[in-house]
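Enquirer: Residue numbers (the working numbering): 174 to 477.
Quick caveat, the hints were computed from the structure, so don't treat them as lab data. Take the hints with a grain of salt, since some may be wrong.
Unchecked claim - Computed list of lysine-lysine pairs in DSSO-like fashion (alpha-carbon distance at most 27 Å, straight line):
no.	residue 1	residue 2
1	K357	K331
2	K357	K231
3	K369	K357
4	K455	K469
5	K332	K369
Said to hold, decoys possible - DEER-style ranges, computed between Cβ atoms:
no.	residue 1	residue 2	range
6	G274	R220	28 to 36 Å
7	T367	G255	39 to 47 Å
8	S409	S358	20 to 28 Å
9	L453	Q185	42 to 50 Å
10	K291	T363	36 to 44 Å
11	I393	G414	17 to 25 Å
12	D232	Q185	34 to 42 Å
13	K236	D356	34 to 42 Å
14	Q372	G199	35 to 43 Å
By construction, the Cβ of each residue, glycine as well, lies at the ideal position given by its N, Cα and C atoms.
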Amino acid sequence: MDYFTVRPSQTQFFKTVPFYYQSEEGEFLLYKKAGDMLDAERTENTRHPHLFISNKDKDTALKELTTGLNREFERLLRQGGGLLEIKQALGNIVREALTPGQETAMLALPETIDILFKNMDQDHTTMEYLAQMATASEFMVEHTVNVTALTLQYCFFKKMNEGETSVYALCALLHDVGVATLDKSLVNTTERLTEKQFQRYQAHAEAGHDMIILNTDFNIAVANVALEHHERLDKSGYPNGINTLCMESQLIGFIDCYEALTYRDKTFRKAKTPFKTLHLIKEEVIAGKFSPRLFKAFTSCLTR
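Turn these sequences into a full structure, and let the hints guide you.
Expert: So this is what it looks like as structure tokens:
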């Protein structure tokens, strides 16, 4: 029987599944019975050995975990938690969806979006502030949260209805889900990728599309965005070099590019100010890679 590790910060979310610990002899022994909760004081002070869950309980555990993370996210929004706390809570949910082998965690994301809408301040300033914040968490989680916040900011600016905005938000949350299939060294490097490495990196677009199609019944736009967010209107993008892109793919692709240039340093390229990033992207617009109308609307969204 195989086991996977429980993050110490998440032990309080599990009741349904049993926990195990590993003895000095390497044997996995029962630590918590199914249906029991760990002692709150011990959990808070992390006075536990390394804990594990059996792989046979994985789907049940993921469902319970993502439900608990959504409840924690909702609690912070309702109680007016700090922006950093809220962003970290959203990042925790995204992290599970981007973890290899945890495709079922994606199914919790529509509820996450519902929680955002039900508990967000009327003028949407929370998401606008989140869009301007960058913290030092794992790159893909941070990137995904930033792209989602910027996408919501744009949707609110365009006065899209809740149904449309929900689809765009889900597209943003899962646009890079295929990255979970790549070697971490490809994803986390700050060096320029070699041609061979870049070819391997490009595989994440089709992988993400297939993961969404096989594991969810989400709006087809979500899978399309995972596949198309690196395509460009001049056919210079990947994986298929097409220029007939849905609006969701155009927007998320644009914001994905903006976020990457603005929020993250690389050894060969320093993070840029929003103004300098928009100046660079304007050159891409002139070259025919992005829509001029989209560029104008997004610029207005940031500067209003």
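Enquirer: Which numbered conditions among the earlier hints are violated in the structure presented, ordered from lowest to highest?
Expert: 1, 5, 12, 13
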